[in-house]
Amino acid sequence: MIVLADLSELFNGFLEKLIPSFWSFLVQFLALVVLIVVFLIFGYKPVKKMLNKRQDHIEENIKEAEENNEISRRNIEESERLILDSKVEANKIITEAKEKAIEESNIIVMNAEEESKAMKRRAEEEIKQKEADSLDAIHKEMVDVALDASSELLKRNITSEDNKKLVKDFIDELSEGDDERAN
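Residues 531 to 713, numbered by the working numbering, are exactly what the sequence shown covers, in order.
A couple of the hints might just be wrong.
Stated by the list, open to error - Computed beta-carbon distance windows for the label pairs: (1) N621 to N582: 39 to 47 angstroms; (2) A620 to K658: 52 to 60 angstroms; (3) E596 to V567: 39 to 47 angstroms; (4) L612 to A653: 58 to 66 angstroms; (5) D536 to L570: 52 to 60 angstroms; (6) E596 to E634: 54 to 62 angstroms.
Claimed, not checked - Computed cross-link-like contacts, DSSO-like style, restricted to lysine-lysine with a CA-CA straight-line distance of at most 30 angstroms: (7) K628 to K617; (8) K622 to K593; (9) K670 to K695; (10) K694 to K660; (11) K658 to K695; (12) K647 to K628; (13) K660 to K695; (14) K660 to K698; (15) K630 to K658; (16) K593 to K583; (17) K647 to K660; (18) K593 to K579; (19) K658 to K617; (20) K658 to K647; (21) K670 to K660; (22) K670 to K694; (23) K670 to K658; (24) K630 to K617; (25) K694 to K658; (26) K650 to K660; (27) K670 to K647; (28) K698 to K670.
Please keep in mind that the hints were generated in silico from the structure rather than gathered at the bench. Where is the CB? At the ideal position from N, CA and C, for every residue including glycine.
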């Protein structure tokens with residue numbers, strides 16, 4: 531039991547050194563409690579309040595960031611839709627412009643063809659008119675030559691009725707010759 535007695539002495543000595551007297555222990559304990567209360571009032575509550583404010587601020591920032599992300603996502607979708615609509619509109623405008631250009635080129639070609647046909651008709655009419663004028667001139671010249679030749683042959687003065695009859699006969703012969711050549 532020596533060992534237990536030594537242990538008990540050792541423990542009592544330790545307790546005496548740790549807590550020298552009850553009153554001193556009580557004062558120190560009360561000082562510790564006052565210190566804890568002061569810390570809670572002036573330290574813990576303001577720190578907790580500051581941490582709660584910080585947490586609220588962070589939560590607000592997160593919520594605001596999420597809202598901004600949602601707005602950004604909607605704006606991106608809207609932008610993409612507008613870009614797609616713009617591309618569709620641009621393609622539509624290009625297609626309409628191509629169609630209009632083709633239509634206008636067709637109109638220009640048709641106008642050019644009509645104008646060339648009209649020019650060809652006018653040229654043909656002009657040629658026919660010149661041919662008719664030339665034939666009239668040739669007929670008149672032939673009539674004059676025939677009259678001169680007939681007056682030389684007859685050596686006499688031909689009356690105007692004789693002239694008309696000779697000219698008519700001569701023209702009829704020429705017309706018959708032209709008809710035979712045409713066939």
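> Hint by hint, which ones does this structure get wrong, listed from lowest number up?
Replying inline: 1, 5, 8, 15, 19 and 27
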